[in-house]
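Engineer: This is what each chain is made of:
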Amino acid sequence: MFKKLLIASRGEIAVRIIRACKELGVSTVAVHSDVDHDSMHVRLADESVCIGSQQPQNSYLNIAALLSAVDVTNAEAVHPGYGFLSENYNFAEMVTKHGIKFIGPNPQLIKSMGNKIKAKQIASKNGLTVIPGSEGGITTLDQAKKICSSIGFPVLIKASGGGGGKGMKIVAKESELENSMNEAKNEAKKYFNNDEVYVEKFFNNPRHIEVQILSDKNKTIHLGERDCSVQRRYQKLIEESPSPILNAEVRKDLLFKTVKMVEKIEYEGAGTVEFIYDNGKFYFLEMNTRIQVEHPVSEVVTGIDIVKEQISIAAKGYTTLNQADIISRGHAIECRINAEDPSKNFQPSPGIIGVCHQPSGFRTRIDGEIFQGCKISHHYDSLICKLICHGRNRTEAIQRTIRSLDEFVIEGVITTIDLHKKILMHQKFINSSFGVNWLNQEKFY
Amino acid sequence: MKIDKKLIKELVDYLNEFNLTELEYGESDTKIKVSKKKLNIPTTNEIVRLSSEKKKTDLVKGIKIISPIVGTAYLASETGGKKFVEVGKKIKKGNTVMIVEAMKTMNHVPSPKDGIVKEICVEDGQPVEFAQVLVLLE
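Line order of the protein sequences matches chains A and B.
Counting from 1, one number per residue, gives the positions in the first sequence under the numbering used here.
Counting from 1, one number per residue, gives the positions in the second sequence under the numbering used here.
Treat the hints loosely; a few may be bogus.
[Claimed, not checked] Straight-line distance between alpha carbons at most 30 Å, and here's what the computed DSSO-like set of lysine-lysine pairs gives:
hint	chain 1	residue 1	chain 2	residue 2
1	B	Lys82	B	Lys61
2	B	Lys113	A	Lys3
3	A	Lys4	A	Lys146
4	A	Lys264	A	Lys252
5	B	Lys90	B	Lys113
6	B	Lys118	A	Lys375
7	A	Lys4	A	Lys201
8	A	Lys111	B	Lys104
9	B	Lys36	B	Lys5
10	A	Lys217	A	Lys189
11	B	Lys104	A	Lys97
12	B	Lys64	B	Lys93
13	B	Lys104	A	Lys4
14	A	Lys308	A	Lys281
15	A	Lys125	A	Lys219
16	A	Lys111	A	Lys173
17	B	Lys90	A	Lys22
18	A	Lys308	A	Lys22
19	A	Lys3	B	Lys36
20	A	Lys101	B	Lys104
21	A	Lys375	B	Lys61
22	A	Lys428	A	Lys443
23	A	Lys219	A	Lys190
24	B	Lys118	B	Lys82
25	A	Lys146	A	Lys190
26	A	Lys97	A	Lys264
27	A	Lys281	A	Lys252
[What the hints assert, rightly or not] Residues on chain B that point at chain A, a partial pick, calculated with CB under 8 Å:
hint	residue
28	Ile69
29	Val70
30	Gly71
31	Thr72
32	Gly80
33	Ala102
34	Met106
35	Pro127
36	Glu129
37	Phe130
I should point out that these hints are in silico values taken from the structure, not numbers from a laboratory.
Beta carbons: idealized from backbone N, C-alpha and C, even for Gly.
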């Protein structure tokens, strides 16, 4: 096991990783920007290093500063969390070249799966159905027109260097194609430094279902699926496991095919394969080669500590878990509590947290980093906390989540707590009769 | 009661040998207890966690010359060489006060202003973090 690990992230996931390390007896190093010096992750770690000023490019995205922090603290491993540099293969490669273990798969896999076109080709080659569209990047309008006429409108133009729901343009008809393509290329260049785009069939209101996997040199296992269909502008708000709309046969097929694909690419560590589910069919969307925000949902249903498994696999090369050890029980729901104002188009609400009372009780879990007096900065993601509730069945999980949200008090910043309550009490949520565009189309909140 | 020096020394030796903080020995109605406080020996952890030191320098008046990066501070351009600055020395804006080395790259830290060196706040070879106070000028 590692003696010391550096967490190259901040916020609730940094706290999560530090907790796992403490339980494993691994010493922890937190890195932080100057404004984060009082953060929970800094307080909980054994050591901390200020690596730069508040802008992410000067601190949490600053590879030189991170490597320097590893050097001065003699850390043996780096956990990148999610976001920031977690899917940056350059960072993974540099860390590895310096003899430090990067908690994640090898840099080449991070690189292939980070390119959405390549990832699609790999998935297709290894037994998964992909979304109909261009097989590679498209450069000319004629190419685009040809593909669109074969798959039919509407289509989606996506950045191959993108992901996470960013950098996409919906095109309803051929006359809009040229402008949309140019806009998409410009945005892709701006946000991802790569203007390569590709075309896919657009699904109006599908569901988003993903599979959590754990892999070592010898085997791949799954921890079931998560249904992340409650979204707003392709950002997840509520996730649950198991998916309430799959039957046993469809689930079995999905999990089997996913495990097979991941096995074939010789993946190591934790990862998630994401799918669009539309009209009874699954289409590969992307693979995330890191821990995900919503990982606790799978943890509470299976009882497996995914972060500890990540660290163990990286340290030892194997997991002691077998598929037979994974027994899903009951139903779990997670609410992502964001410091945003839903009434003002989800404008971020930075500030200082005043009174803060977090819910607890039977099968109620909070993964967060907030406390009375802590500062929420406008420089970082607005996710401040996650509430995860587990029930014997979906109804109890919903009831428990609503009960917990009722107890939750956060003053000083505006949060999405009330929004989550409204969603959970809505008939469409209860009946699971909605898709990823529900909240974009129905503004009942 | 006669104090058995030899016995006490033996007990103290056992404390050290077995890395104990307390040891009690008894025979008939006589008991001897030896104990010691655990020393808090600073490690690299302490050197890097600098919040208390940061607070001290926050209260001091003067111009703070801070580290622009994470790395290791060196007071001279080579080991055993002449230090860039000494306490009491007059320096000009742009003069190198220290080197902070990061990943084998030597970064010269210049003084932002003219002044007299009041205090050198780090030791040679000490790991430093971003914005840590290196030198105080009057």
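Engineer: Look at each hint and say if it fits the structure.
Structural biologist: Right, here's what the structure says about each hint:
About 27 Å separates the Cα atoms of Lys82 (chain B) and Lys61 (chain B), which keeps this hinted pair within 30 Å; it holds. At most 30 Å may separate the alpha-carbon atoms for a hinted pair to count; Lys113 (chain B) and Lys3 (chain A) exceed this at roughly 43 Å. A hinted pair counts as satisfied when its Cα atoms are at most 30 Å apart, and Lys4 (chain A) with Lys146 (chain A) does not qualify at roughly 54 Å. Under the criterion of a C-alpha separation no larger than 30 Å, the hint pairing Lys264 (chain A) with Lys252 (chain A) is consistent with the structure, at around 18 Å.
The hinted pair formed by Lys90 (chain B) and Lys113 (chain B) meets the criterion: a straight-line CA distance of about 11 Å does not exceed 30 Å. Distance hint between Lys118 (chain B) and Lys375 (chain A) is unfulfilled; the C-alpha atoms sit about 34 Å from each other, more than 30 Å. For the hint linking Lys4 (chain A) to Lys201 (chain A), the alpha-carbon distance of about 46 Å lies beyond 30 Å, and the restraint is violated. Pair hint Lys111 (chain A) plus Lys104 (chain B) holds up; C-alpha atoms about 27 Å apart against a cutoff of 30 Å.
For a cut-off of 30 Å, the pair hint linking Lys36 (chain B) to Lys5 (chain B) stands: about 17 Å separates their Cα positions. Between Lys217 (chain A) and Lys189 (chain A) the alpha-carbon distance is near 36 Å, which puts this suggested pair outside the 30 Å criterion. Taken as a hint, the Lys104 (chain B) and Lys97 (chain A) pair is honoured in the structure, with Cα atoms around 15 Å apart against an allowance of 30 Å. Simply put, Lys64 (chain B) and Lys93 (chain B) have alpha-carbon atoms about 13 Å apart, close enough for the 30 Å limit, and the pair holds.
A distance of roughly 22 Å separates the Cα atoms of Lys104 (chain B) and Lys4 (chain A); the hinted pair therefore holds under the 30 Å criterion. Between the alpha carbons of Lys308 (chain A) and Lys281 (chain A) the distance comes to roughly 33 Å, so the proposed pair goes past 30 Å and is violated. Between the alpha carbons of Lys125 (chain A) and Lys219 (chain A) the distance comes to roughly 19 Å, so the proposed pair stays at or under 30 Å and holds. Between the alpha carbons of Lys111 (chain A) and Lys173 (chain A) the distance comes to roughly 33 Å, so the proposed pair goes past 30 Å and is violated.
Proposed proximity of Lys90 (chain B) and Lys22 (chain A) is contradicted: the alpha carbons are some 48 Å apart, above 30 Å. Restraint check: the Cα-Cα separation between Lys308 (chain A) and Lys22 (chain A) comes to about 10 Å, which is no more than 30 Å; the hinted pair holds. With a C-alpha separation of about 29 Å, the suggested pair Lys3 (chain A) and Lys36 (chain B) falls inside the 30 Å cut-off, and the hint holds. Between Lys101 (chain A) and Lys104 (chain B) the CA atoms are separated by roughly 20 Å; this keeps the pair inside 30 Å, and the hint holds.
The straight-line distance between the Cα atoms of Lys375 (chain A) and Lys61 (chain B) is roughly 27 Å, inside the 30 Å bound, and the hint therefore holds. For a cut-off of 30 Å, the pair hint linking Lys428 (chain A) to Lys443 (chain A) stands: about 13 Å separates their Cα positions. Distance hint between Lys219 (chain A) and Lys190 (chain A) is unfulfilled; the C-alpha atoms sit about 39 Å from each other, more than 30 Å. A distance of roughly 18 Å separates the Cα atoms of Lys118 (chain B) and Lys82 (chain B); the hinted pair therefore holds under the 30 Å criterion.
Between Lys146 (chain A) and Lys190 (chain A) the CA atoms are separated by roughly 27 Å; this keeps the pair inside 30 Å, and the hint holds. For the suggested pair Lys97 (chain A) and Lys264 (chain A), the alpha carbons sit about 25 Å apart, so the restraint of at most 30 Å is met. The hinted pair formed by Lys281 (chain A) and Lys252 (chain A) meets the criterion: a straight-line CA distance of about 13 Å does not exceed 30 Å. Because the closest C-beta pair between Ile69 (chain B) and chain A is about 6 Å apart, less than 8 Å, the hint holds.
Interface restraint check for Val70 (chain B): the shortest CB-CB distance to chain A comes to about 4 Å, inside 8 Å, so the restraint holds. The interface hint given for Gly71 (chain B) holds, since its Cβ lies 5 Å from the closest Cβ of chain A, which is under the 8 Å cut-off. Hint status for Thr72 (chain B): holds, given a least beta-carbon distance of 6 Å to chain A, under 8 Å. Interface hint at Gly80 (chain B): violated, since its Cβ lies 22 Å from the closest Cβ of chain A, which is beyond the 8 Å cut-off.
A hinted interface residue such as Ala102 (chain B) counts as satisfied when its beta carbon comes closer than 8 Å to some beta carbon of chain A; here the least separation is about 4 Å, so the hint holds. Taking 8 Å as the C-beta cut-off, the interface hint given for Met106 (chain B) is violated, the closest approach to chain A being about 13 Å. With 8 Å as the threshold, the beta carbon of Pro127 (chain B) comes within range of chain A, its nearest partner Cβ sitting at about 4 Å, so the hint holds. A least Cβ separation of about 4 Å between Glu129 (chain B) and chain A falls short of the 8 Å threshold, and the interface hint therefore holds.
With a cut of 8 Å, the hint placing Phe130 (chain B) at the interface with chain A holds, because the nearest CB-to-CB distance is about 5 Å.
The structure shown violates the earlier hints numbered 2, 3, 6, 7, 10, 14, 16, 17, 23, 32 and 34.
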